[in-house]
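Engineer: Here is how the chains run, residue by residue.
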Amino acid sequence: MKNESEYSGILIFAEQQEGKIHPISFELLGKGRELADRLGEELSAVLLGHNMKDVAKELIYHGADKVYLFDHPSLRDFDIVLYKENIVDLVKEIKPKFFLVGATHLGRSLAPRVAAALETGLTADCIDLQLDEKGDLIQIRPAFTGNILAHIKTRTRPVMTTIRYKIFEKMKPDTSRKGEIIERKVKLIENTGTRVLRKERERTVNISDAEIIVSGGRGLKKPEDFKLLRELAELLGGVVGSSRPLVDQGWISKDHQVGFSGNTVKPKLYIACGISGSPQHLAGMRDSKIIVAINIDPSAPIFRVADYGIVGDLYEIVPQLIKEIKKRKFGDD
Amino acid sequence: MNEMHIIVLIKEVPDMNKVKFDAERGVIDRSSAPGEINPFDLNALETALQIKEKLGGKITVISMGPPQAERSLRDALARGADRAILLTDKRMAGADTLATSYTLASAVKKVGNFDLIICGEKTVDGDTGQVGPEVAELLKIPHVSYVSEIREVSRDRLIVVSELGDAYLIELKLPGLITVTKDINEPRLPTFKDKMRARKAVIDKWTAEDLSDVADINKFGFSGSPTMVVKVIIPQERVKSCQIFKGENAVKDLVDIFEKKGVLK
Ligand SMILES: Cc1cc2nc3c(=O)[nH]c(=O)nc-3n(C[C@H](O)[C@H](O)[C@H](O)COP(=O)(O)OP(=O)(O)OC[C@H]3O[C@@H](n4cnc5c(N)ncnc54)[C@H](O)[C@@H]3O)c2cc1C
Numbered sequence: 338m339k340n341e342s343e344y345s346g347i348l349i350f351a352e353q354q355e356g357k358i359h360p361i362s363f364e365l366l367g368k369g370r371e372l373a374d375r376l377g378e379e380l381s382a383v384l385l386g387h388n389m390k391d392v393a394k395e396l397i398y399h400g401a402d403k404v405y406l407f408d409h410p411s412l413r414d415f416d417i418v419l420y421k422e423n424i425v426d427l428v429k430e431i432k433p434k435f436f437l438v439g440a441t442h443l444g445r446s447l448a449p450r451v452a453a454a455l456e457t458g459l460t461a462d463c464i465d466l467q468l469d470e471k472g473d474l475i476q477i478r479p480a481f482t483g484n485i486l487a488h489i490k491t492r493t494r495p496v497m498t499t500i501r502y503k504i505f506e507k508m509k510p511d512t513s514r515k516g517e518i519i520e521r522k523v524k525l526i527e528n529t530g531t532r533v534l535r536k537e538r539e540r541t542v543n544i545s546d547a548e549i550i551v552s553g554g555r556g557l558k559k560p561e562d563f564k565l566l567r568e569l570a571e572l573l574g575g576v577v578g579s580s581r582p583l584v585d586q587g588w589i590s591k592d593h594q595v596g597f598s599g600n601t602v603k604p605k606l607y608i609a610c611g612i613s614g615s616p617q618h619l620a621g622m623r624d625s626k627i628i629v630a631i632n633i634d635p636s637a638p639i640f641r642v643a644d645y646g647i648v649g650d651l652y653e654i655v656p657q658l659i660k661e662i663k664k665r666k667f668g669d670d
Numbered sequence: 007m008n009e010m011h012i013i014v015l016i017k018e019v020p021d022m023n024k025v026k027f028d029a030e031r032g033v034i035d036r037s038s039a040p041g042e043i044n045p046f047d048l049n050a051l052e053t054a055l056q057i058k059e060k061l062g063g064k065i066t067v068i069s070m071g072p073p074q075a076e077r078s079l080r081d082a083l084a085r086g087a088d089r090a091i092l093l094t095d096k097r098m099a100g101a102d103t104l105a106t107s108y109t110l111a112s113a114v115k116k117v118g119n120f121d122l123i124i125c126g127e128k129t130v131d132g133d134t135g136q137v138g139p140e141v142a143e144l145l146k147i148p149h150v151s152y153v154s155e156i157r158e159v160s161r162d163r164l165i166v167v168s169e170l171g172d173a174y175l176i177e178l179k180l181p182g183l184i185t186v187t188k189d190i191n192e193p194r195l196p197t198f199k200d201k202m203r204a205r206k207a208v209i210d211k212w213t214a215e216d217l218s219d220v221a222d223i224n225k226f227g228f229s230g231s232p233t234m235v236v237k238v239i240i241p242q243e244r245v246k247s248c249q250i251f252k253g254e255n256a257v258k259d260l261v262d263i264f265e266k267k268g269v270l271k
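Which chain is which? The protein sequence lines are G and L, in order. Sequential numbering of the first sequence, starting at 338, is according to this note's numbering. Sequential numbering of the second sequence, starting at 7, is according to this note's numbering.
The shape of chain L in the complex, shown without the other chains (with noise of 0.2 Å):
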């Protein structure tokens, strides 16, 4: 038998903690912050290496962003995987998660022989969750989402913690897709020696017309997109600002307040 190979996928996001957003324009400002890779992509990675090390084998990382994306993707290599593509393509632009999907499951089916897909949860910038389980229906195989432990992994199936609001534990064919929370591990972080090998290894670019012979590239990008965004509003700040109480009967006047809305009963 070959030997286990995963995929991880990952994006590049904004530090969120940083990044402006552009009101006037309605998008984030993704030049006000650095790219990183997304924090539940890491730990999908983590996820990996963990894997890797008990069975042996080899991690891919694919990511679609654009081509500046290609650093998330060196540190993804520093982190400990061995291989990275980065889709990348003004065609590929202005996609909603179902064209994400497209794209990506494109790519895997090009690199072709996987047994485990691995995604974070989310993305701290779009917030969906909804890629994941996309890509494993367009590829026609099993997932489980929200998985924080894995119990047992061996090379034809997973059995893995599962929230769904109460935990279940569910056992996963291989070869299938998870996606993982934060609670699943602790990401490591790459040593300067990696770092330094990282900076040097070669990173696969591929185009929307590298992926023609998978894919229908119609399908990628805006044009690709059923959703689009029709507008952006900036909630208002609450007009009624917050009452401080002070003082001796501060904690008196507070209990004023809850007697009053019918809290205490």
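Just chain G, with the same shape it has in the complex (with noise of 0.2 Å):
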């Protein structure tokens, strides 16, 4: 382990997919910002692609004060292995003091390559990140299902982290923002083991971005009964979720499944109807801003996390919610 004094700044993974830099990557610089002021420290980020410059600029008005950048047609794509390399490598040499990169699937396969092949200490889906008194990183982390929270401490350098989607906030862009890109020679591997073939599925709905959600559990009793929480979520501008037992028999997507195994959700409104609210369901939505929960069960968990909640049977609850609220916004009976 290095002397500690030898490592210095921030410096993010910037998460493209097919061009677009990947909203939590902003989140990063917003945080990691707040942090570099407070150490009077850098902030930087790393950023692998093809064609990339403009895209450059954005994390620069985010908040980072320099990107390293490598762009090169190899890269547009992700290979896990060429991203590692060409990240390692930088990482030796600008020796950062806090890496942090997006808890995504493309993040959390990436990081324990790089934090491997640095020896370094890595934390898993952080839901914050605070300084002790001599600067160093309190990383905090749900685990036992979210039933309680670890403060973790790293003692290599730097210390890594993967963050959680949609916990900091991002800055507002500022064009005016000065700072530097910093284009980096990249490192070509000739086999790296995997290729990507071809995009195999868009997802059905990405529901981790949806600001309002109504989901169904095992209260529903058959398929088709989505239709109704899809109508009422439409109604909401919303998407509809789902509890894990609906998922594994087939009558929805995974790409709608809230929890443990499924999506971490953070909405402004998730209304759970016929949930019962088991630990790995809550793990996945329980930080939603407004919970409403609807449920035959008075004792069912659900109400223990819910904001507000109406005992019944969904199938009497959501469509009288659903013509209460055409009701009132289209003033029709």
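Be a bit skeptical, because a hint or two may be false.
[To be verified] Restricting the straight-line Cα-Cα distance to at most 25 Å, the calculated cross-link-like pairs of lysine-lysine (BS3-like) are:
# : chain 1 : residue 1 : chain 2 : residue 2
1 : G       : 664       : L       : 211
2 : L       : 258       : G       : 666
3 : G       : 664       : L       : 252
4 : L       : 258       : G       : 660
[Claimed, not checked] Computed footprint of chain G on chain L, listed as stretches where at least three residues anywhere in the stretch have a Cβ under 8 Å from a Cβ of chain G:
# : stretch
5 : 99 to 110
6 : 115 to 121
7 : 130 to 140
8 : 175 to 182
9 : 227 to 235
Read the hints as simulated data drawn from the structure, not as lab findings. Glycine included, every Cβ here is placed at the ideal spot set by N, Cα and C.
From the two separate chains plus the hints, produce the assembled complex.
Structural biologist: Right, dumping it as structure tokens:
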């Protein structure tokens, strides 16, 4: 383990897919900016892709002082090994104190390889970062299906962590911000062992970005009944979610699954219909701003995390809700 | 050519629906619930069994854990694995993901001659999903995470579907490593006969010393772990309690709230 004082500044991984920056990267810059200012140090981003020069500027507008750009046709699609090689070389040279990566599936596949190559610690899926009195990073993550929060420190440098989506605020982009885009020579590898052949399937819904979610659980009697929830969701400008059993039964695609083995969501409004509120389901939605539960069983655990609830049969309540909302929105009866 | 050799890495975890949390000491009270194979690792083992059914070969399962993790390895043997190795030693205790990956990668090196390593996407107790990719890096082999389907498999390559938000079709050259999601298959259950057979099977037990020819044992366990938990907090139950709407006006009252909170546009 090297001398700590050699390390300074914060680096974030700017994730792009098809030339577009994933919004989590801006969130990392938002938090990174705050930490960097408190430390009085620099905030940099590393971006790999093809024809990304204009996109790199966006990172500066969102708070980066420097963008290390690796631009090459062979970096257009992600190749974890190739990405790792280039990032590891950069980290060894610029020696950031902290290195933040978004906890997307791509980030959670890439970050461990980088950490292992650097023989440094990596903390997964953090929901908060704090500085202690010595300027060391305290990484906070849920554990035990979200029932506890662990505070973690790392004794190697850089401190690496993956950060959950939609936790930190991004800065308002400021096109007058100045920063430096540093083009790096790309290290190429003949055969990395993996090759993206094609995109197989677009996700049917991007539920982690949704502001309003109407979710169904085993209180639903048959697959067609998702129609009812979909009607309510569309009326509210939202999308449909699901607990896991219905996904397992093939009633709805996995893209809709909320929870520990599905998607983590944080909408403005989450309406749980016929969902009991198991720890694994709560792990994916407990941070929603407003939680509404509709359940026939007054003792269902979902009511313990809900802000509002109606005890009753969803087959009666949901149609009434639809009717009432239509009435107020369109004035028809 | 010799036969296909698949290694499956498994972890014994407590049944998360039963296990209690020791708030005072800030640790999971493992004695409060029986151990079992991490559910995602059952999908990893099933993936290996299906490949073996197609191409032949053998399956080795490796686990690091306390001596009682032996029962999870017996379960894996009952389900069809051919060989089981338990890495167990006080010096391996207290490992974070890097030390765990280093220990597992060392054991894989010692076993040698493998074509494919399969892991679950994450464990239900640690929930990091980091060990698979870290092992791949330490062994200098390529990997693909979040595999939900195997389209083609041969001795020297796999074609898999990887869930990365959108799903991608990816070719992986072997030797390589994959981590699999719960959707990839439905794990089989062992028969009574299989269980009886597995009860008598031999499980190799390796200590830190046994790995000293391939590893630096100071990198095992707590001493090899760069991350440490400094504090554990049990989040306060939310003080605001749930407002239940009742009676005839329940739905109207709820929609009033929607209006007030600005969700009706
Ligand atoms: C490793 C692992 C990972 C998991 N990951 C996830 C995950 O990501 N997401 C997830 O959701 N689960 C997950 N689970 C499963 C989880 O443990 C629960 O089994 C599941 O969440 C229960 O789903 P449910 O609430 O829909 O069903 P149930 O628990 O059966 O609840 C159904 C509810 O509907 C109510 N109800 C019935 N009829 C009506 C009606 N007519 N009107 C109103 N209410 C009605 C009932 O009172 C009950 O509360 C996971 C489990 C494991 C072991």
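Engineer: For every hint, state whether the structure bears it out.
Structural biologist: Okay, the hints, checked on the actual structure:
1. G:664 to L:211: violated, 69 Å
2. L:258 to G:666: Status holds; Cα separation ~13 Å.
3. G:664 to L:252: Judged against 25 Å, a Cα distance of about 20 Å means the pair holds.
4. L:258 to G:660: holds, 10 Å
5. 99 to 110: holds (count 4)
6. 115 to 121: Coverage by chain G is violated here, the residue count being 0 at a Cβ distance below 8 Å.
7. 130 to 140: Answer holds; 11 residues pass the 8 Å Cβ test.
8. 175 to 182: Satisfied; 6 residues make the cut.
9. 227 to 235: As far as the stretch 227 to 235 of chain L goes, the hint holds, because 5 residues have Cβ atoms under 8 Å from chain G.
Comparing the model with each earlier hint shows violations of hints 1 and 6; every other hint is respected.
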